[in-house]
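Chemist: In case you want the letters, here they are:
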Amino acid sequence: MTNHDLETQLRQAYQGADVEVRSSSMSATVLLARKEAYSRRQRLSFPQFLSMQIRFIGLKVWAVQGASLLAVCWLLSQLFGQGYWKDPQSVAGLLACLSLLTFMTAPPFLYRSIRYRMQEVEAAARFSSVRLLMARLIIIGIGDATLLSGILLTAAVKTALLPSSSVVSVAFPFLLASSGCLYLLGHVCPRQFLAGSMGLCGFLLMVLSLAQRHFHLFFRLSPGWIGVCTLLIVFCCHQFHYLFHNCAYAEMQVI
Amino acid sequence: MTREEKLMIRIGQGDMDAVDELIGLLYPEILRYCLWHAPNPGLAEDAAQETFLKAIRYYDRYVHKGKCKAFLYRIAANTCVDMYRKMDIGELSIEDIPAELPSEESGFERIHADLNFHQQIRSLPPEQQEILLLRFGQELTLRQIAQVTGVPLRTVQSRLRAALKKLKSQLEKEEHCDKS
Numbered sequence: 001m002t003n004h005d006l007e008t009q010l011r012q013a014y015q016g017a018d019v020e021v022r023s024s025s026m027s028a029t030v031l032l033a034r035k036e037a038y039s040r041r042q043r044l045s046f047p048q049f050l051s052m053q054i055r056f057i058g059l060k061v062w063a064v065q066g067a068s069l070l071a072v073c074w075l076l077s078q079l080f081g082q083g084y085w086k087d088p089q090s091v092a093g094l095l096a097c098l099s100l101l102t103f104m105t106a107p108p109f110l111y112r113s114i115r116y117r118m119q120e121v122e123a124a125a126r127f128s129s130v131r132l133l134m135a136r137l138i139i140i141g142i143g144d145a146t147l148l149s150g151i152l153l154t155a156a157v158k159t160a161l162l163p164s165s166s167v168v169s170v171a172f173p174f175l176l177a178s179s180g181c182l183y184l185l186g187h188v189c190p191r192q193f194l195a196g197s198m199g200l201c202g203f204l205l206m207v208l209s210l211a212q213r214h215f216h217l218f219f220r221l222s223p224g225w226i227g228v229c230t231l232l233i234v235f236c237c238h239q240f241h242y243l244f245h246n247c248a249y250a251e252m253q254v255i
Numbered sequence: 001m002t003r004e005e006k007l008m009i010r011i012g013q014g015d016m017d018a019v020d021e022l023i024g025l026l027y028p029e030i031l032r033y034c035l036w037h038a039p040n041p042g043l044a045e046d047a048a049q050e051t052f053l054k055a056i057r058y059y060d061r062y063v064h065k066g067k068c069k070a071f072l073y074r075i076a077a078n079t080c081v082d083m084y085r086k087m088d089i090g091e092l093s094i095e096d097i098p099a100e101l102p103s104e105e106s107g108f109e110r111i112h113a114d115l116n117f118h119q120q121i122r123s124l125p126p127e128q129q130e131i132l133l134l135r136f137g138q139e140l141t142l143r144q145i146a147q148v149t150g151v152p153l154r155t156v157q158s159r160l161r162a163a164l165k166k167l168k169s170q171l172e173k174e175e176h177c178d179k180s
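Residue numbers (this note's numbering), protein chains in the order written: chain H, 1 to 255; chain V, 1 to 180.
It should be emphasised that the hints constitute simulated quantities derived from the structure, not laboratory data. Some clues are possibly wrong.
In the PhoX-like style, the derived pairs of lysine-lysine whose C-alpha atoms are separated by at most 25 Å in a straight line are [as the list claims (entries may be wrong)]:
no., chain 1, residue 1, chain 2, residue 2
1, V, K6, V, K67
2, V, K6, H, K35
3, V, K54, H, K35
4, V, K54, V, K86
5, V, K6, V, K54
6, V, K67, V, K86
Heads up, incomplete: computed chain V residues facing chain H, CB under 8 Å, no partners named [to be verified]:
no., residue
7, I9
8, I11
9, L25
10, Y84
11, R85
12, M87
13, A162
14, C177
Cβ-Cβ distance ranges computed for the label pairs, FRET-style [said to hold, decoys possible]:
no., chain 1, residue 1, chain 2, residue 2, range
15, H, H245, V, M87, 30 to 36 Å
16, H, Q15, V, C177, 25 to 31 Å
17, V, M87, H, Q15, 23 to 29 Å
18, H, A63, V, G14, 49 to 55 Å
19, V, P39, H, R55, 24 to 30 Å
20, H, D18, V, K166, 41 to 47 Å
21, V, Q170, H, P47, 51 to 57 Å
Computed from a predicted model, the values in this text were never measured in an experiment. Beta carbons: idealized from backbone N, C-alpha and C, even for Gly.
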């Protein structure tokens with residue numbers, strides 16, 4: 001007996017009998033599988049949800065953030081001329097203000113649901129308000145990170161300010177405003193969020209504008225500033241954790 | 001890319017017609033496999049149904065790398081193991097499932113009795129029986145069998161070779177006895 005004969009015999013043995021497929025059981029399988037596929041289609045993973053949100057609002061958010069920054073830079077150059085960038089004394093303050101202005105583009109987007117009275121619909125939708133908030137914060141964060149990197153690069157190329165001072169000038173006000181606004185997001189009624197966060201940013205902007213002439217003396221990279229920025233980052237992370245795990249953010253949307 | 005892999009991709013894109021087509025294409029094959037492992041035809045139908053439902057439920061674990069059939073067979077094998085566990089027959093692994101012939105209703109036993117293969121196949125170790133079933137009953141490639149059973153390709157090859165060798169020697173011995 002050759003191997004081929006044996007294999008043929010095995011095939012005949014295993015496949016010789018026809019399998020009786022009952023149409024009723026196959027139809028039931030099709031029906032249940034369709035239901036399963038339909039419910040699977042309804043479930044969106046967070047990356048899919050995020051990419052959808054990027055298509056819906058991300059491009060608009062980034063366009064507005066970029067346009068706002070360009071407008072501010074154009075206005076400053078018109079008001080003070082190109083020489084403004086050369087003066088290290090004024091540049092530190094200017095970078096801090098630009099960083100705050102970049103941040104200030106975020107709260108209106110986080111307030112959109114309230115503005116268009118969509119918060120109840122979002123809270124009742126199959127995706128949770130918290131997931132939506134996380135997606136929005138990531139989108140805004142990506143925009144902010146890109147713009148701040150652009151600001152830092154411009155500062156490194158165009159100004160006489162030390163790169164380390166530029167980093168502190170940009171990071172500290174941004175982190176301070178972020179900490180305050182994240183705290184407000186988790187602790188105040190959504191209707192008061194925009195006013196509260198814009199008030200906070202306005203106050204910080206006013207302080208920075210008044211004291212900008214002295215910034216270059218303070219904003220030098222040192223262990224103290226690294227510690228302060230680290231503390232602010234930790235506070236931001238804590239607020240994120242609070243928002244996504246402990247806070248009644250979803251319930252607050254429908255109050 | 002095979003037809004079933006194209007269908008799996010369409011299912012991932014939310015195409016409901018692809019679900020019907022895939023079941024129409026592979027249901028008889030999966031049912032045949034389950035008939036070999038389930039205690040009776042009714043439970044084999046349940047196992048085949050559960051296989052397709054799980055394939056859709058756990059679609060995210062499926063990777064489009066020519067593993068569609070292996071993915072389904074793996075689920076079918078695990079479903080049959082689960083079925084035995086639920087029936088409290090005892091702890092079994094895929095390799096432990098006795099490749100026993102299905103009940104008389106399926107007709108397989110009669111065919112095996114006719115061919116005098118029944119005893120010889122049953123005398124093989126369970127993991128070799130499983131490989132013979134997948135190779136000659138289900139026409140899977142050795143690579144697919146390796147993916148279904150979760151053992152290296154080399155092991156599949158050696159188990160298949162050993163099973164064929166043993167079966168051949170048993171048949172030849174029997175033939176010799178008949179002649180003498």
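Chemist: Are the Cα positions of K6/V and K54/V separated by 25 Å at most?
Modeler: Distance of about 18 Å is within 25 Å: holds.
Chemist: Does the interface hint hold: is C177/V within less than 8 Å of chain H, judged Cβ to Cβ?
Modeler: Hint on C177/V: violated, closest Cβ of chain H at ~14 Å, above 8 Å.
Chemist: I want to verify a distance hint. Is the separation of the beta carbons of A63/H and G14/V within 49 to 55 Å?
Modeler: violated, 30 Å
Chemist: Holds or violated: K6/V and K35/H, Cα atoms, limit 25 Å.
Modeler: holds, 20 Å
Chemist: Are the Cα positions of K54/V and K35/H separated by 25 Å at most?
Modeler: holds, 12 Å
Chemist: Are M87/V and Q15/H spaced within 23 to 29 Å by their CB atoms?
Modeler: Once the Cβ atoms are compared, 27 Å apart, the range 23 to 29 Å for Q15/H and M87/V holds.
Chemist: Check the following: the C-beta atoms of D18/H and K166/V are separated by a distance inside 41 to 47 Å.
Modeler: violated, 29 Å
Chemist: Are I11/V and chain H close enough, Cβ to Cβ, to be under 8 Å, as the hint says?
Modeler: holds, 6 Å
Chemist: K6/V and K67/V: Cα distance at most 25 Å?
Modeler: The given pair, whose Cα atoms are some 12 Å apart, holds under the 25 Å limit.
Chemist: Indicate whether the distance between the beta carbons of Q170/V and P47/H respects the range 51 to 57 Å.
Modeler: holds, 56 Å
Chemist: Is it true that H245/H and M87/V lie within 30 to 36 Å of each other by Cβ?
Modeler: About 42 Å separates the Cβ atoms of H245/H and M87/V, which means 30 to 36 Å is violated.
Chemist: Close enough to count: is the Cβ of A162/V nearer than 8 Å to one in chain H?
Modeler: This hint is violated: A162/V lies away from chain H, its Cβ roughly 13 Å from the closest one there, beyond 8 Å.
Hints 6, 7, 9, 10, 11, 12, 13, 14, 15, 18, 19 and 20 from the earlier list are contradicted by this structure; the remaining hints agree with it.
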